[in-house]
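Sequences are here, hints too, so could you generate the full structure?
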Amino acid sequence: MNTIYPDLRQLIEDMAEGDKEFKDELTQAIHNGLVELQDVYADGVKLQDEVKIQQIRHKVKPTLGMFEFDDLTVILQEGKEILESDGFGEGFDAHWKKLKARLSMAIDAVAQII
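Residue numbers (our numbering): 4 to 117.
Think of the hints as simulated: they come from the structure by calculation, not from any bench. Some hints here could point you the wrong way.
[As the list claims (entries may be wrong)] Label-pair restraints from in silico Cβ distances:
1) Thr-76 - Ala-97: 14 to 24 Å
2) Leu-14 - Lys-83: 18 to 28 Å
3) Lys-55 - Lys-101: 26 to 36 Å
C-beta atoms are modelled at their ideal positions from N, C-alpha and C, and glycine is treated no differently.
See below:
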């Protein structure tokens, strides 16, 4: 049982309504979305590209909400606020480190369901 996202498996099961193929596709899509968030955000950080970061944040926001990745949503909001007030710097570096750690946990949690 996943203690970080204890309801994730059930949320996926509920959405799939017993359709194993859809469940597998949905789980893979969630996993791919989280990996894309990690990769694109990392690229945005490297390039110091606020637009790239904003675009991926908006792209994954519905998935994060639907599958209760509330911790990631909060961390992404914190990053948005840091960028708006201070730009790229030490505060944003700390945010990115925190986000990377939580994303890794989320990706692992979804991978356990695949």
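| query | Of the hints given before, which are not true for this structure? | reply | Structure breaks hint 3 only.
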